[in-house]
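Given the sequences, and given the hints that come with them, work out the whole structure.
Reminder that position 6 of the sequence shown reads as 1285 in this note's numbering, one-by-one numbering, no gaps.
There's no promise every hint is true.
As the list claims (entries may be wrong) - Taking CB as the label site, the calculated pair distances span:
| no. | residue 1 | residue 2 | range |
| --- | --- | --- | --- |
| 1 | 1420 | 1529 | 21 to 27 Å |
| 2 | 1512 | 1358 | 18 to 24 Å |
| 3 | 1498 | 1312 | 21 to 27 Å |
| 4 | 1350 | 1498 | 17 to 23 Å |
| 5 | 1434 | 1403 | 18 to 24 Å |
| 6 | 1455 | 1426 | 41 to 47 Å |
For the record, the hints were derived by calculation from the structure and aren't laboratory data. Just so we're clear, the structure is a prediction, and the values are computed from it rather than from any experiment. Just so it is clear, CB atoms sit at the ideal spot from N, CA and C, and this is done for glycine as well.
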Amino acid sequence: MARSLAQPRRRSRRLDVAAILLAPVGVLVVVLSQFFDGGRGTALLQGSAALIVLGGTLGAVLLTYAPSAVLAACRAAVTAFERPENDADTLASMLVAMSIRAHRRGVLALENEADTIDDPFFREALTLAVDGTSPELFRDLIGVEKSARDADDEAPARVFESAAGYAPTMGILGAVLGLMRVMQHLGSPASLGDGIAVAFVATVYGVGAANLVLLPIAGRLRESAARASRRREVIVHGLDGILRRLHPRLVARRLQVFSENLPAVEEIATRVARMPLVAGRPS
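Put into structure tokens, the structure is as follows:
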């Protein structure tokens, strides 16, 4: 059975166990420092402070973004702890192989490859190239598509960054409310402790949630979005070179910037020579 240059490779999602184990390290350090100073861990447990900070932050985020965007960001946060898969070398090799085939038999020789690609952006870009689009129009159309997808990938990170901006402010609000409670009970020294605890613990919750939870998750989401954007950049440069009828060596030269272990063009050409044209979708 004929093989396809773009036959999809099933991606197995694997969790980044190291990142998951290291995630609570910052919180653990804060709690241990409380013990080392002779304090009690339970002093950091204040329900009213947590309600002010977490509830206030959630409310502010829901006012800023639609609930569907917040839910999508939470789902994306789960996938942020999957082990990143760098397939730049495989993708670059695939594009060089396509360039070799198109150089020998024309771009239409890649027509059946689009049906075998799982990546929607890659599939649409290849279909656009096979349809005979000029290189200038291709860069224009696919550039708009890439920008839109990049913005969608960065949206979850923006949600968590907004939450990280609101959380410390909510902590200050909780501190002010706690101090107001203290001022109202100056005549009852026994009740001052609870108000002071809420005041300071709310600040800890706000600053801690922002810097130990929300911003790290936003950072991982931005890294994931950057990897996806870089992958699309490889696709755009590769297909643009094919449309411009550049020699496969020049296409490979373009893609070497993104790939650390791109095989030699001769090696890829040897593999392509053993692959007959795809008559239909491979089994």
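Structure-based check of each hint:
1. Between residue 1420 and residue 1529 the C-beta distance comes to about 23 Å, which sits within the given range of 21 to 27 Å.
2. The hinted range of 18 to 24 Å is satisfied by residue 1512 and residue 1358, whose Cβ atoms lie roughly 21 Å apart.
3. Taking 21 to 27 Å as the suggested C-beta distance range, the pair residue 1498 and residue 1312 conforms, at roughly 23 Å.
4. The hinted range of 17 to 23 Å is satisfied by residue 1350 and residue 1498, whose Cβ atoms lie roughly 21 Å apart.
5. At roughly 20 Å, the beta carbons of residue 1434 and residue 1403 sit within the given window of 18 to 24 Å.
6. For residue 1455 paired with residue 1426, a C-beta distance near 42 Å keeps the hint of 41 to 47 Å intact.
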